[in-house]
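Visitor: The residues making up each chain are set out below.
2 protein chains.
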Amino acid sequence: MRVIVPQVRRGGIKRALIMPNTVPPITTVEMALDYQRQLTEIDPEVEYFMTLYLTADLTPEMVEQAAAANIIGVKSYPAGLTTNSELGVKDYDIFDPVFAAMETHGLVLEVHGEVPSNDEDNICVMNAERHFLPRLHHIHEKFPNLKIVLEHTTTFEAIEAVKQCGDNVGATITAHHLELTIDKVVGQPHHFCKPIAKYPRDRQALRDAVISGNPKFFLGSDSAPHPRDKKECSHACAGVFTSGYLMPYLADTFDRLGCLDKLEGFATIYGAAFYNKPRQTVMCKLVKGPIKVPEMIDPDAMKVVPFRAGETLQWSVAEC
Amino acid sequence: MRVIVPQVRRGGIKRALIMPNTVPPITTVEMALDYQRQLTEIDPEVEYFMTLYLTADLTPEMVEQAAAANIIGVKSYPAGLTTNSELGVKDYDIFDPVFAAMETHGLVLEVHGEVPSNDEDNICVMNAERHFLPRLHHIHEKFPNLKIVLEHTTTFEAIEAVKQCGDNVGATITAHHLELTIDKVVGQPHHFCKPIAKYPRDRQALRDAVISGNPKFFLGSDSAPHPRDKKECSHACAGVFTSGYLMPYLADTFDRLGCLDKLEGFATIYGAAFYNKPRQTVMCKLVKGPIKVPEMIDPDAMKVVPFRAGETLQWSVAEC
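Chains as they are written, first to last, in our numbering: chain A, 1 to 320; chain B, 1 to 320.
Hints may be right or wrong, so weigh each one.
As the list claims (entries may be wrong) - With a cut-off of at most 30 Å between alpha-carbon atoms, the simulated DSBU-like pairs for lysine-lysine come out as follows:
| # | chain 1 | residue 1 | chain 2 | residue 2 |
| --- | --- | --- | --- | --- |
| 1 | A | Lys-262 | A | Lys-277 |
| 2 | A | Lys-14 | A | Lys-230 |
| 3 | A | Lys-292 | A | Lys-230 |
| 4 | A | Lys-184 | B | Lys-184 |
| 5 | B | Lys-216 | B | Lys-184 |
| 6 | B | Lys-163 | B | Lys-277 |
| 7 | B | Lys-216 | B | Lys-288 |
| 8 | A | Lys-288 | A | Lys-14 |
| 9 | B | Lys-303 | A | Lys-184 |
| 10 | A | Lys-163 | A | Lys-277 |
| 11 | A | Lys-230 | B | Lys-184 |
| 12 | B | Lys-230 | A | Lys-184 |
| 13 | B | Lys-230 | A | Lys-230 |
| 14 | B | Lys-142 | B | Lys-277 |
| 15 | B | Lys-303 | A | Lys-230 |
| 16 | B | Lys-292 | A | Lys-230 |
| 17 | A | Lys-303 | B | Lys-230 |
| 18 | A | Lys-262 | A | Lys-292 |
| 19 | A | Lys-285 | A | Lys-216 |
| 20 | B | Lys-184 | B | Lys-230 |
| 21 | A | Lys-184 | A | Lys-216 |
| 22 | A | Lys-292 | A | Lys-303 |
| 23 | B | Lys-184 | B | Lys-288 |
| 24 | A | Lys-292 | B | Lys-230 |
| 25 | B | Lys-262 | B | Lys-216 |
| 26 | B | Lys-184 | B | Lys-163 |
| 27 | B | Lys-184 | A | Lys-303 |
| 28 | B | Lys-288 | B | Lys-303 |
| 29 | A | Lys-303 | B | Lys-303 |
| 30 | B | Lys-285 | B | Lys-303 |
| 31 | B | Lys-216 | B | Lys-277 |
| 32 | B | Lys-14 | B | Lys-216 |
| 33 | A | Lys-216 | A | Lys-262 |
Said to hold, decoys possible - Sample of chain B residues at the chain A side, in silico, Cβ under 10 Å:
| # | residue |
| --- | --- |
| 34 | Cys-124 |
| 35 | His-190 |
| 36 | Gln-204 |
Unchecked claim - Computed list of chain B residues with no C-beta within reach of chain A, every gap over 12 Å:
| # | residue |
| --- | --- |
| 37 | Arg-10 |
| 38 | Thr-27 |
| 39 | Val-46 |
| 40 | Ala-100 |
Simulated from the structure, these hints should not be mistaken for laboratory data. The model shown is predicted, which means the values in this text are computed figures rather than measured ones. Note that the Cβ used here is the ideal one computed from N, Cα and C, for glycine as well.
Next comes chain A alone, as it looks inside the complex:
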């Protein structure tokens, strides 16, 4: 935490939605507030918006308490799919009372939208997100006033599904999924994350979504730090680390896509609006000018290889 938290503001970010898939997972209001205190101690200039891990132990009462404590969301992980998701969801219908309470108290449901792989149904990492979409529609129809964010979307079909839903359904897009396709994932462990990057057509759909300036689509970094030896090994951990250069990556990408004018909305306005948060008053300042991404963050201890390590970006953070 002491190594990674300072990377957030270095990357031009002053607000973060904090995921609950720690070890142990954040399953109670107390744990979330304690985690928030620890984060604030390390960098008090960043706002940390907290979430709870959706498990069978979460009650409508806890949702009410969470809302009172300014916890803003509940994250659902399909069981076994991503880092520390062993406790995740197998069947959404059992959560109806929790979703109803979230609807009442204004908490947002953040969804890792993949179903588990399954040979019989031909489901694997390439189509696990597509097969999740009926569940998204199902929850949205049952709880139309529940705000839902489909996190780190990676497919054309997911983008279309989110567009088709009402205003209460949004989606996040990561910096790395705007750049990667499956070709750059196989054999390249630093690009391996869940959901994995898909076909060129899917990446184009993500790019088109940000180019369009549709406020349903906003930034979610899904940044995950793993030590180099947990990536460059026989079974790599899933996750791409983007925190330290998040805004430069995005500016570099948006500039190349010819939509720099959409960056402010995507990174700072649409998400805040979706979450009913005031606009940020103090922003980071980006300047044009090359910056080289280091080969490693914290080379003497944690040894995290950042996204696009060793590459040169055309934008850097002047102040944040």
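With the hints as your guide, set chain B onto chain A.
Guide: Frame of chain A, contents of chain B only:
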């Protein structure tokens, strides 16, 4: 070569089709014969069937010489797609005179059946084989008497395409593609090869092909040794190493699939028949009984991690 060649017979194999994508590539009859001599010196009990690399420098005269020298095939690699394929093919039509000579002299065309990735056409490693299939049909229609092997097939569509072609078109299937899907490739560099393993449905099509006992489908190991540090790194080399345990892997898989009775045909008969070679008289003997695949081949020097390293197989080679 001194480390890897002895692995061939250890894996229960006494006949091998030698690929020409060495550095430098095998582009002349002389090089092929010299390579064959070096291989024979290391293990004279294995038959090495030689191939030439299809390049623009290959002439019909060289094809005739090759046939006279018992070189049995020409391998085509689409440019830039796999290990040492920089010299590969961009447009097949320029090879018409060479293909005609191969048809006349009975050389087999071995094809790495993938087209290069291309964002505009949504082509990536997941569909590069499928997009190649029209080219297979094109060559087969133009040269119906040319024997063609679609190497290391990985998709349902490729299996169907080969079935639809005449008897002069066959296909190889590797030991590893009978086991892997894309889920076991992402983040697992020892499973990364080209073409990559695809969807569960594709793996099932490969399994169904071997279960069917259709003689169009036979073993091709596509075994490729890379040192561990070229696999467990940021950009892994493509290739799975199966030589040392090839027959045990296959027996283990076929046993699990309930088609052990199809193993002999798949591994020793159908391929020989396709190539007009006599049946093998001395075979390897497999016995039921567990064997553990080592974590590493040649741990003191080359450090190659074999397929299914550390796993236990239910069959082993008693003699070969």
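Visitor: Decide if the proposed pair is consistent with the structure: Lys-230 of chain B and Lys-184 of chain A, CA atoms, cutoff 30 Å inclusive.
Guide: Between Lys-230 of chain B and Lys-184 of chain A the Cα gap is close to 16 Å, so the pair holds against 30 Å.
Visitor: Tell me if the interface restraint on Gln-204 of chain B is satisfied: Cβ within less than 10 Å of some Cβ in chain A.
Guide: 8 Å, holds
Visitor: Going straight from one Cα to the other, do Lys-303 of chain A and Lys-303 of chain B come out at no more than 30 Å?
Guide: 24 Å, holds
Visitor: Holds or violated: Lys-230 of chain B and Lys-230 of chain A, Cα atoms, limit 30 Å.
Guide: Between Lys-230 of chain B and Lys-230 of chain A the Cα gap is close to 16 Å, so the pair holds against 30 Å.
Visitor: Can you confirm whether the C-alpha distance between Lys-216 of chain B and Lys-277 of chain B stays at or below 30 Å?
Guide: 15 Å, holds
Visitor: Check whether the Cα positions of Lys-216 of chain A and Lys-262 of chain A lie no farther apart than 30 Å.
Guide: 13 Å, holds
Visitor: Taking 30 Å as the top limit, are the C-alpha atoms of Lys-262 of chain A and Lys-277 of chain A close enough?
Guide: 19 Å, holds
Visitor: Assess, step by step, whether the Cα of Lys-285 of chain A is no farther than 30 Å from the Cα of Lys-216 of chain A, and give holds or violated.
Guide: Distance of about 24 Å is within 30 Å: holds.
Visitor: Next pair to validate is Lys-262 of chain A with Lys-292 of chain A; report whether the Cα-Cα distance is within 30 Å.
Guide: It holds: about 24 Å lies between the C-alpha atoms, which stays within 30 Å.
Visitor: Does the claim that Thr-27 of chain B lies off the interface hold, with its Cβ farther than 12 Å from every Cβ of chain A?
Guide: Given a closest Cβ separation of 27 Å, the condition holds.
Visitor: Please verify whether Lys-288 of chain B and Lys-303 of chain B have alpha carbons no more than 30 Å apart.
Guide: Holds. Lys-288 of chain B to Lys-303 of chain B sits at ~28 Å (cutoff 30 Å).
Visitor: Would the hint on Cys-124 of chain B be counted as holding, given a Cβ-Cβ threshold of 10 Å to chain A?
Guide: 5 Å, holds
Consistency with the previously given hints is maintained throughout, with no hint failing.
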